[in-house]
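Residue numbers (the working numbering), protein chains in the order written: chain E, 1 to 349; chain D, 1 to 349; chain F, 1 to 349; chain R, 1 to 349.
Wrong hints could be hidden among the right ones.
Pairs involving identical chains hold if they fit within one copy or between any two copies, as the list cannot separate such chains.
Derived pair list, reagent style SDA-like, types lysine to any residue, alpha-carbon separation capped at 20 angstroms [said to hold, decoys possible]:
| hint | residue 1 | residue 2 |
| --- | --- | --- |
| 1 | K132 | E231 |
| 2 | K226 | V135 |
| 3 | K168 | L127 |
| 4 | K226 | P114 |
| 5 | K168 | T156 |
What the hints contain is simulated information worked out from the structure, not anything from laboratory work. Fair warning: this is a prediction, and the values are worked out from it, not measured in the lab.
4 protein chains.
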Amino acid sequence: MDAVLDFRSDNTAGAHPAIIEALGRAYRAGPMASYGEDPLTERVVQRLRAIFEHASLVAYPVATGTAANALALSCLTPPWGVVYCHPAAHIQVDEAGAPELFSGGAKLVPVDGPAGKLDAQALAAVLAQDVKGVVHHPQPAAVSITQATECGTSYTPDEVGTLAALAKEHGLAVHMDGARLANAVVHLGCTPAAVTWRAGVDVLSFGATKNGALGAEAVVFFDPAKAREFEFRRKRGGHLFSKMRLLSAQLDAYLDNGLWLANARHANAMAEGLENGLSRLNSVRLLYPRQANELFVALPDAIAERLRAAGALFYPWPSDRPGETAYRFVTSFETRPEQVARAVAAAAG
Amino acid sequence: MDAVLDFRSDNTAGAHPAIIEALGRAYRAGPMASYGEDPLTERVVQRLRAIFEHASLVAYPVATGTAANALALSCLTPPWGVVYCHPAAHIQVDEAGAPELFSGGAKLVPVDGPAGKLDAQALAAVLAQDVKGVVHHPQPAAVSITQATECGTSYTPDEVGTLAALAKEHGLAVHMDGARLANAVVHLGCTPAAVTWRAGVDVLSFGATKNGALGAEAVVFFDPAKAREFEFRRKRGGHLFSKMRLLSAQLDAYLDNGLWLANARHANAMAEGLENGLSRLNSVRLLYPRQANELFVALPDAIAERLRAAGALFYPWPSDRPGETAYRFVTSFETRPEQVARAVAAAAG
Amino acid sequence: MDAVLDFRSDNTAGAHPAIIEALGRAYRAGPMASYGEDPLTERVVQRLRAIFEHASLVAYPVATGTAANALALSCLTPPWGVVYCHPAAHIQVDEAGAPELFSGGAKLVPVDGPAGKLDAQALAAVLAQDVKGVVHHPQPAAVSITQATECGTSYTPDEVGTLAALAKEHGLAVHMDGARLANAVVHLGCTPAAVTWRAGVDVLSFGATKNGALGAEAVVFFDPAKAREFEFRRKRGGHLFSKMRLLSAQLDAYLDNGLWLANARHANAMAEGLENGLSRLNSVRLLYPRQANELFVALPDAIAERLRAAGALFYPWPSDRPGETAYRFVTSFETRPEQVARAVAAAAG
Amino acid sequence: MDAVLDFRSDNTAGAHPAIIEALGRAYRAGPMASYGEDPLTERVVQRLRAIFEHASLVAYPVATGTAANALALSCLTPPWGVVYCHPAAHIQVDEAGAPELFSGGAKLVPVDGPAGKLDAQALAAVLAQDVKGVVHHPQPAAVSITQATECGTSYTPDEVGTLAALAKEHGLAVHMDGARLANAVVHLGCTPAAVTWRAGVDVLSFGATKNGALGAEAVVFFDPAKAREFEFRRKRGGHLFSKMRLLSAQLDAYLDNGLWLANARHANAMAEGLENGLSRLNSVRLLYPRQANELFVALPDAIAERLRAAGALFYPWPSDRPGETAYRFVTSFETRPEQVARAVAAAAG
């Protein structure tokens, strides 16, 4: 019913009705063990084991993506360690130093690459520096990649595998920030397992908040040994919910009956519609291939103004070419085809 | 309908229906600005200003009491600072070092007192040590008291005022952990303002999770200047919710129409019934006066066994006299009179 | 030659000539490997192995006692851990939170006892709380005792053994702050091994600065496994000296030919002389037995004034009885018998 | 007398005789106030004020360059802050995360440039991102440059001024790592003031250890207001020496009568001799212009082998061109002309 053409973020959406209803049901269920020792939380773990085809993963619900990433990384690096990530990574740019806080000061070192993906050769060159055990140097500890990336692209399973193999060769752990994992999985048409643990990922921040939940994520350890400290660090960070079902009820409904993939499929389709509509216009250029639910386009001022005049909301984005102005458009499970159509029509003028 | 006599904690309860319904309404309301810039969050701040009769307080929703306390304290002390608290304080015993994490290593120094309350003379003696500005010594920065205390007692406004005046005299800030503030306010029959900022409290962790919410607390700064760093620290701690209404909808309904006080009144009354029933029995001794919704009693083994046989759940508690075994009983907004009656009957044998 | 009666501290002394000369010799020796890979540092380790009769200890020179303690403790506790110590411990009171900084926020929890010594029963009671593995609670990780204590007393080997056995029983490591270890060893007449590792100590801050060195201490790990992280933490703390011989030359001369014990013997004897002279006077009361090179006495104002009038310098100390004023007198390897005699004569009036 | 051709580092040198003698004199001077309240420390501050022509600077002796840098930066950035530096900066690569430890997790973000110098346009681009006050983003707080750089080049006063003006325009503080400041000042032939505070530097790590001292540096605040927290942070880091004269005696002799500049002049001259001798040979290429006491050259294998066969010691260095092997040669105040001559002769074959 809402006519606002809001493409600013997948954070401004509401939540999927099925998830809201599940939350209400969980809380009318009366007393339940606290701190995660409840049947809902256990069921979430079982669902994830089935979805990821991994019989012994452990998973911990937390409330925000920043907490998921920072807590995951804190288990993978000593305070004097180094985590390699893309310069545009959310953990580097958008978490106000949360990984540094939770890890006790570990260092994030950027390794660049096109379209938001770490370049394997650049990573190999950095890892070849061989500083392991030399006390003067922060110690390489982990590689973190975002899937889908902050530029809206998706690593293929082979690309993940190459980076992970490099990391493993040097004894580093592999973390995946999967705030938009669903969107990548849908785009790639692969199994969740194929692009995570089977490709070498050790720990995954499994996102739900941007894809239909109210506020819930899960930190998934494919290697349970790496989760040894997690529960202490989670509690210490104020991220252990006494009424864990607040998070688990959302995740349970999110994972039920493929809702998580359906939401992502819809969001991706809406982004594809927007891409098709805009890219047909003159002087419109995609900065990166669209491989999830985000579109990064350079638009002439006239088009941008027509969009704004039509009530469209969207954020600027740094262009990678001089003389252009670029923007980011994000769709969600709530974006409706008519909203895309109206935006495209306004852009066309 | 639930027959379990669960007196273990106010964390095992569900949530009040009005709060569940408000959450559903908020999320069906469609898109809303993210990160707290939404009307619900603003309304929560206005409600708090009215309730506390303080026109310029600022308030920030967070999800857990541990986060509320640790973030509040991190704004009040430098990393080389000292926070004085009771040895049984939640921040000292039950937060796995969260205050230390968020403050960058500030020190919690216990100052003892009977029945969970800091003793003013003991605090005065410690503050008289005059270490201010001497670089060898961690620097006194704040005093933190819990209201109602971890022993189920309540500071009177005068008691708060005495401690706060001492703190102020030495340039220390005053923090109140109000996880069960509602229960204390109801017991005391005073205004919320009288036992907080009018008595000298600077920052309050305002609790809702133990008193009917799903998972929500507010950090309330009566002195907005002390909140300068809060927003950075909150984001950095992974405690800034993109869909803030997840928290604000709960707080809004919690504060609406005195629900927060009604819930606490009920919980206190249930605890009072339990107190009356148990204290009439032989060899039953209250460890501390019951001034909120928690009861600490030493019970003969026979009574404890009868309670357990009847299905009652409750935790042991260290007794303050040798040869006794003591226990803690906690009631909540969900505790029903018949549950109290059955427990009392079982105890009486 | 110096007539000042300076009993304020063993920090105001100079350094022993043998140590100054050794430093000069070391630096005229031309180039030497840096960062501790030099023959002097290796020799210091060998000397310590001989002195402590422990063939596999590892030892690391650092420049200050605060660094020694904080770095040692950082290897023994996780960030969510607890270190138990006496309320008057240097690590608790005089290090401006250095242990918290280096450990990432571990908590120091005081366990009291008379005359500066932790009480074994009090420690047992705290450890019996059995919070291990419960994520809500900071995790007991280590016990730290000071030898000789901040009150100038010395733990006997049996007393150390009792506390260490308690710690071991609960899986805690044992640290000893030996800023004045030499003075304790001399007083006790035992071997260094007997009151350290043979009694259960895992890691020792071995002090030299207060006993004749310019500025040097060693962190000694009797259990080399616990030293795994030390070298990274030392470097990270800015405590890895490129010209390590600055520290090692001092320690080498300090440990040569029993100089460390001779200095302490002298300092203790001077303190004993002061004790004998003062305790004969009316209304003079020792707060604690003198078992090292520090004397804590309650003095009538008249005596204190006569001392000050004679040019004596000494610090006040909190008395343990009301109505008294107490002071601390510290002697060092530099204190001369005539200085003690003049002070005693002035006191006697 | 030593024939070793040691060009590995200026850390393997001994110390200048005048500095060793001064140390001995200081310690034979008997008791002196501790913790820096002594006349030597005061004199060091006065000398620095004269040398830098700045009447109100404050300066603090510390023992290592890592401590100087990390403590300086900790005063300039909040824990959620960002410090911009060159990718090859010592603080980024060689301090094992010390800046992160002391600042509570602030982030070092690299800004590249040729020959070890930050590129002003690159810095301007990063600062133009305008993230100030946006809680999602770590907050730009400071720029740190090394003088002379880790690549042996020197920023001119104008170059420093350009970067500092950029920083100031965005409200950032400016730190200079002056581990080899003397060598840069000598090369540039400018006054110390011209290339530091007059060019916009707020805080300087003033190095002495690499240039003739045993182990001593000074943190110099040209803006005393920025030093407010320094003394607490220094103590807390275990870097407050009770016998401060251990450091001050070295600095006092270092600054006396221009010894610091004479040492650097000599070291630079020795490096120049080596440069002249090696650059005449075929296939020898300087990676960067030599503007201090370090030489970075790509050498054919044959030349490198001849140097090693002659007993020369030197470290490899990553070349900036494929197919080359490069090395670093460092000279010091102790390098003798005959050592340079022998190395050159060996290289020539």
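Review point. Given a CA cutoff of 20 angstroms, do K226 and P114 count as a within-copy pair, a between-copy pair, both, or neither?
Key: Classified as neither; 30 angstroms inside a copy, 40 angstroms across copies.
Check your understanding: Under a CA distance limit of 20 angstroms, which applies to K132 and E231: within one copy, between copies, both, or neither?
Key -> between (28 angstroms within a copy, 13 angstroms between copies)
Check your understanding: At most 20 angstroms between C-alpha atoms: does K168 with L127 qualify within a copy, between copies, both, or neither?
Key -> Answer is within: at 11 angstroms inside a copy they meet the 20 angstroms cutoff, but 35 angstroms across does not.
**Study point:** Alpha-carbon proximity context of K226 and V135, limit 20 angstroms
**Key:** between (23 angstroms within a copy, 17 angstroms between copies)
Review point. Given a CA cutoff of 20 angstroms, do K168 and T156 count as a within-copy pair, a between-copy pair, both, or neither?
Key: Cα proximity of K168 and T156: one copy only (18 angstroms, versus 44 angstroms across).
Of the numbered hints listed earlier, the single one contradicted by the structure is hint 4.
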